[in-house]
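Starting from the given sequences, assemble the full structure and let the hints guide the process.
Chains as they are written, first to last, in this note's numbering: chain A, 238 to 559; chain B, 238 to 559; chain C, 238 to 559; chain D, 238 to 559; chain E, 238 to 559; chain F, 238 to 559.
Treat the hints as calculated values from the structure; they're not laboratory data. Be aware that one or more of the hints could be misleading.
If several chains are the same, the list does not tell them apart, and a pair holds so long as it fits within one copy or across any two.
Below, simulated BS3-like cross-link-like pairs (lysine-lysine); rule was C-alpha separation at most 25 Å, straight line [said to hold, decoys possible]:
1) Lys382 to Lys245
2) Lys382 to Lys304
3) Lys259 to Lys245
4) Lys304 to Lys245
5) Lys442 to Lys382
6) Lys304 to Lys435
7) Lys259 to Lys435
8) Lys442 to Lys259
6 protein chains.
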Amino acid sequence: MSEIPFLKTPEQAAFRDHMETKVAHWLTQWDGVEAIQAGLIGLPLSKPSISHSGASTTPAAVRAAFKSFTTYSLEYGVDLQTLPVRDLGDIQMHPTDIRECHRRIQEGLQALYEQQPHLVPILIGGDHSTSCPSIQAFAARYPGKRIGILHFDAHHDVRNLEDGGPTNGTPFRGLLESGVVEGRHIVQIGIRGFMNSKAYHDYVKRHGVHIFTSRDVRRLGIDAVLDQALELAGDGTEALFVSFDVDVIDQAYAPGCPAVGTGGMNPWDALDALYRLGQLPQVQGIDFVEFDPTVDVRNLTTRMTVQFMLTFLAGLAERLRA
Amino acid sequence: MSEIPFLKTPEQAAFRDHMETKVAHWLTQWDGVEAIQAGLIGLPLSKPSISHSGASTTPAAVRAAFKSFTTYSLEYGVDLQTLPVRDLGDIQMHPTDIRECHRRIQEGLQALYEQQPHLVPILIGGDHSTSCPSIQAFAARYPGKRIGILHFDAHHDVRNLEDGGPTNGTPFRGLLESGVVEGRHIVQIGIRGFMNSKAYHDYVKRHGVHIFTSRDVRRLGIDAVLDQALELAGDGTEALFVSFDVDVIDQAYAPGCPAVGTGGMNPWDALDALYRLGQLPQVQGIDFVEFDPTVDVRNLTTRMTVQFMLTFLAGLAERLRA
Amino acid sequence: MSEIPFLKTPEQAAFRDHMETKVAHWLTQWDGVEAIQAGLIGLPLSKPSISHSGASTTPAAVRAAFKSFTTYSLEYGVDLQTLPVRDLGDIQMHPTDIRECHRRIQEGLQALYEQQPHLVPILIGGDHSTSCPSIQAFAARYPGKRIGILHFDAHHDVRNLEDGGPTNGTPFRGLLESGVVEGRHIVQIGIRGFMNSKAYHDYVKRHGVHIFTSRDVRRLGIDAVLDQALELAGDGTEALFVSFDVDVIDQAYAPGCPAVGTGGMNPWDALDALYRLGQLPQVQGIDFVEFDPTVDVRNLTTRMTVQFMLTFLAGLAERLRA
Amino acid sequence: MSEIPFLKTPEQAAFRDHMETKVAHWLTQWDGVEAIQAGLIGLPLSKPSISHSGASTTPAAVRAAFKSFTTYSLEYGVDLQTLPVRDLGDIQMHPTDIRECHRRIQEGLQALYEQQPHLVPILIGGDHSTSCPSIQAFAARYPGKRIGILHFDAHHDVRNLEDGGPTNGTPFRGLLESGVVEGRHIVQIGIRGFMNSKAYHDYVKRHGVHIFTSRDVRRLGIDAVLDQALELAGDGTEALFVSFDVDVIDQAYAPGCPAVGTGGMNPWDALDALYRLGQLPQVQGIDFVEFDPTVDVRNLTTRMTVQFMLTFLAGLAERLRA
Amino acid sequence: MSEIPFLKTPEQAAFRDHMETKVAHWLTQWDGVEAIQAGLIGLPLSKPSISHSGASTTPAAVRAAFKSFTTYSLEYGVDLQTLPVRDLGDIQMHPTDIRECHRRIQEGLQALYEQQPHLVPILIGGDHSTSCPSIQAFAARYPGKRIGILHFDAHHDVRNLEDGGPTNGTPFRGLLESGVVEGRHIVQIGIRGFMNSKAYHDYVKRHGVHIFTSRDVRRLGIDAVLDQALELAGDGTEALFVSFDVDVIDQAYAPGCPAVGTGGMNPWDALDALYRLGQLPQVQGIDFVEFDPTVDVRNLTTRMTVQFMLTFLAGLAERLRA
Amino acid sequence: MSEIPFLKTPEQAAFRDHMETKVAHWLTQWDGVEAIQAGLIGLPLSKPSISHSGASTTPAAVRAAFKSFTTYSLEYGVDLQTLPVRDLGDIQMHPTDIRECHRRIQEGLQALYEQQPHLVPILIGGDHSTSCPSIQAFAARYPGKRIGILHFDAHHDVRNLEDGGPTNGTPFRGLLESGVVEGRHIVQIGIRGFMNSKAYHDYVKRHGVHIFTSRDVRRLGIDAVLDQALELAGDGTEALFVSFDVDVIDQAYAPGCPAVGTGGMNPWDALDALYRLGQLPQVQGIDFVEFDPTVDVRNLTTRMTVQFMLTFLAGLAERLRA
Ligand SMILES: [Ca+2]
Ligand SMILES: [Ca+2]
Ligand SMILES: [Ca+2]
Ligand SMILES: [Ca+2]
Ligand SMILES: [Ca+2]
Ligand SMILES: [Ca+2]
Ligand SMILES: [Ca+2]
Ligand SMILES: [Ca+2]
Ligand SMILES: [Ca+2]
Ligand SMILES: [Ca+2]
Ligand SMILES: [Ca+2]
Ligand SMILES: [Ca+2]
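In structure tokens, the structure reads:
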């Protein structure tokens, strides 16, 4: 069609500054061959959510927002264009069988990790139920070793499984009870009052899980909290997984989460934390879960999450440069 | 990547019923070679609009809605899959030079029509200013002949050009004054009170343009109005172009138009009219213009316009079958 | 400031087509001297409303919409510019004393009518409670004579006054019980099921009020209903007042009414009715009440009401021309 | 607490007109003992929906709207207060096991029907997948007999079950394949083009299902369509079930449906049809499904559906009075 | 109905985790007999508001949000389940007589306080006009003694009463002029520029009211401000009342306030302050006023206020435990 | 009209507290004669914006918000009523010729500055493209001298001009390349990662522009950043212009900006900075640009900007008092 003047594919016809690379033009689909350091994988599933959630639309919303950001991390002097990251696509979900969906996540990721043993997965949920199978697949990368988890969340996520699980309220119950992870290797950051029951708070403490409330982060500072958290989760473990439930952020900054509430963390602390985590060699995987683009305001929560992801990748670029 | 179970491209991973074809899977990008009967061309331009308008986002919104409709016209027993229609892309607009944008539309379409002399263009605006250059290109297909226009609109669109044109208020002024079309070959359908000035109403009458108000359509019926309109516009012309300004539809059905108002046509009459126009061999081009997806409600106006376009194509399929 | 090039008042700086007059440029503030045929008066009051209502913002919303419509009634060949109509302003309401507000409406209008005995008032509510004092003032123009009322509404509006009145549910109770109007001179058009109680339906029938349901309008046609209504309300009365509660229109066309519901009248019938009523010499006043711009969708209800008002004025112009 | 002046329960403290009964005050919770003619049962399930749907919130939204409507059907002179109808509650759904949800619907309703053999169920979905188990339970009321179905819908709802069913796209496939209903006893009303595939259209025709498109309703009139439909569905059947998918209504009137589209039925025809169906002794059950209050505009779709339900009940009252 | 499997009341049918207590299940309606420490009382009144306000819907919105929070204050190790708090209902308002509404608030609360002399009232407005009668009732608990007030607000709320009061702009004028409270016992926290006039600022200073601006809170810290405020308000007073106008919080966190503005307090400081105030024995009552759920975004302001209230109650629990 | 009781112009009829002056009543239209210290000038232009923007509606939105704020700066003890500031109106834009619009801005302002050499202009955009011509006009006030710029923005705004400029992405490129300002006299504050390309970051550094990222502001404090910025921009310059792109503020506080993103500055720092800048004699002009009221949430961004402007004026009042 090139001979017709001015007639272009919609993508070509849109404005493009030739001196600027958008994330959309860099973080393209993987060809299955290229050696990559990190890969984006969508987990478009939210039917396990207890409350009504459209978090299954998050992977699509996140990708659509890639055209709004550049690859250049001005603060850290890193251009992500140098980092081989690709979009690996989505795990295909079953329309009505939720356990089958969880099985597909675990099986798909496990196969991927076998083929790409050094890939750092960037998982985009979906609701938090996806972290149970995805972390099981992650743990299987380290046979005979233990993994640690940094779990950013307003909630403990250890609901009992009898009342209808596995749901978005149960992933860490599932992981603890299956023995995939030990409580002492889990650090929960950002947990808040009036969003958890005493029974579950007692449960996690009984299992040795370490807890930093959102108020702790405000009072101690994110750096000090992270110092302790990394020491605790890293003690005796081979690798760390970061599970980032976006509702850990205060509702004013993350209005698109189903479980919005005040008193949460602010995004600046999260940016600092994620850059630091990106730099650490022991951090080998991350997920971002539990926000629903269909109820978001001005796309704010999606955009913030994209910036979180990019900042983690800036740290990763720094790590690889080091 | 096929060896990783369940990991698919986002498009593959989404639900798809193997016994159903969505428009999105049929109306794909043209390869520049295939023989086609009709082609979709986006005109993503709304900076000429007098009032604030995001109609430049319409081509993208229309394409995104293709996944919500099937190819099967149940009422008319036509499956569009049999009709060779493709998406030719968008005319690339200049970010700040509006006259250059109009020049590109005219030049691009003219080159296209030369290469594809029998193609029926389905133009997706953009504001109505795009019709002036696009109809000029259309008229150039018929050298030495006259063309007729069926213009569905609440407005006459013949504003003076001195007050700041060419705008979305001036396309038919531009066409009349350039001599591209004669007034007696234009039929305006759906014009409404309190949306036009007496001066412009007098102007179109002075030029011999034929007018059916929205109230005429209600009282005479769309079939009778179309009978007369086709006779008038077809008298002495070689081909007809349909310019469909979506604000001809009552605001309750088309809330996404910048110039919403009540007393307009209903969508059922428009569906009947467009099917009939699709069937007629003299109708050789159509555009849909003047709605703004960024202010639409529940995507209703975009979806309605897609159904209008598909219904016109059902008529076209019928025409070709005959 | 005229010597500074391009620097204008905001009003001057905005786009204006010199061949088109907007309602905003014609229906300007009255100077208190000019002889006028009709005058717009705002009644910005909705605290009497039983349900939460922002109808007090309607006069401002209606005026703001005047810039979106021209003065030319294309269907009826009338340019309102020939009609001396002005904006008389608003009745100033007390912030917290509702009975005082009603008193001000009655007293202010009565004084106005004394000064301008031939003025046709176009009252813009406010909630429907305003019609009780405003019609009392209207009736006082005809001492010793009876007036008739054409009341377009989904509701009878004759709630008992003991449960908390006077509210937007009681205006016709107030008028009937005060003896200002006789039931047999009231015709209610557009009343609907499931929006009124049997007790109140029985009450209006007991008082001889004539009722045409919305379903009657659909089945008999607006022309036939109006024929009967005018005969009934006009029998033995000196003048007619039209009280137009916008919720008589189906919710799809009037989403901004607090009491939205389906099964209502369509706007085309209302346009035809209002043009006809505008033409009739016995129609000497009108109000438009009960919609809330703060909950409207895309301003549809405000715009529709402006078109209703303009169409009534087109009839009035016709009347005066005759 | 009665001794504290003015302090009331929230329900008591709200405004209440003592001469008016709202549906909320009449259609109260069943005590399990009272003899009732009809009962409302909520089916708060939408996880089977292919597209993202919050139809599980519909029963709560419908109940919340009961305070906005009275019991008096003005057009038909029926006060529903005379009709013993109660709210039976909801079927409790499993959070993550969809087949279990369907089993509960079928088992719960079957047990109910055994206990209350003459109850007319008014089922409030949920998505359309609920109709498969609910109609299976309904059919079991008539052992050895056939039932007929009047199915109002834009869609055939006979998708194949292999691609991920049972979903909201498969209920009539499920019923046909299980032999619960014969195709010739099903009449589909309101089916539309570009919303179904040719394969499924052929499937229903092959099974002898009768089809009236939305366009047929516009051209033949709802009365004539219903005459034929009742004859067809009633031929050889013991009882009729009405399955009313709200997306049969045009999108302008039902913006809250996930599958909005234009060209649909209007609400006035639906009101007339439902009143007539309410009157017919053979109609022994009804459901209203497939709208999502979380994406509705101004609650319009919920309110319309409540009015549909009340109009059906007005017919039922008429039936029992006869 | 217990014998019908799976059929439950809507409340029972919804998901419930048996190891978690929601506020909705704990803070239930008072039976008029149980000994309680604190009681919630709704004041559904906003017609006194100068600007359009739906704050009358706040009590209902707050109650509806109780299902989204648990009783467990994780940060302070308090489970509210141990605290006897109940919902006492709403003061019934007159639909049109605002002074009567204020009289009912004062009279109702006074009667309540006589019957329950040790009850800590948690009043949920309504607009701020409700604080004048409610604090008058509160002061009457301490005959011959003085009370102090901690008033969190962006505004002084001492407008003159001649221009239309009593409104939401006048409560503290009313209290000062009636002599119920002395200026030196009032501390206003969070007052902001460009939201008050100099005349009123001078007025409060003349009356000896103590003022901490929002900027003071940012610079001095909430703890230091509270130290001083408690000393000032507590000096010579028997009890303290906290009047919390939610618009003291910055608009980004409290978008649901009619008078939104930037430069306000942040919610974390408010949480810390309210926990501390809950602990203090001299604090014997609190109200939360001036937000409008009908204009809120994603329910953020309602949810924040519920968390404020729960945090105050956590302090109260701590106080009683001490 | 004064003789009609209670009938007032809409402005008069609205509530007004006689002891309070709103900005709307103070900042009125300039008469062209009065000696003024500062003047508001609207630049209603956003067609140059690369992304869809309604920033052309900002001047009107800002003016409409003036009725929500008083003139009294409580924190700084300044009542703006003492400051002679007036509204000078808008630069009239051409509907379709963008370069002509820029020409009008430059020419109009230049003429104004010649007539009013000491006027501090408060320019209300419009998109950021307006700063190129407006700063050119500003620079012309100081012939033979240099000016400095404090540029608050998330973006460098130095895109190449070949890809379609001049746009909202190019103003500082335009200024640098035209030699109007030297790079070393520009300080950019609030620049953020992933919103700029490395090429443009390198470009500004190459030109000696000074950069403080948003993260620098958080870590160093706004006071320290401003200390350095003023020293740098003031070194060798005659006057300073402040160009304030509202998207420098974090998206949670400024949701109405087209280019929303997290990690931005907070409004409290901006308030402190603007008060300080208002006080400095060398600051002789300011603009506020790049937000779009048509996509704002609850008007938050408009209101915040008005408070920014008023706080700058409070500093200016202080400056003049000193
Ligand atoms: Ca979680
Ligand atoms: Ca969570
Ligand atoms: Ca047009
Ligand atoms: Ca038009
Ligand atoms: Ca009424
Ligand atoms: Ca009404
Ligand atoms: Ca269906
Ligand atoms: Ca359907
Ligand atoms: Ca207050
Ligand atoms: Ca306040
Ligand atoms: Ca900028
Ligand atoms: Ca910017």
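Checklist entry - Among all the numbered hints in the text so far, which are the ones the structure does not match? => result 1, 2
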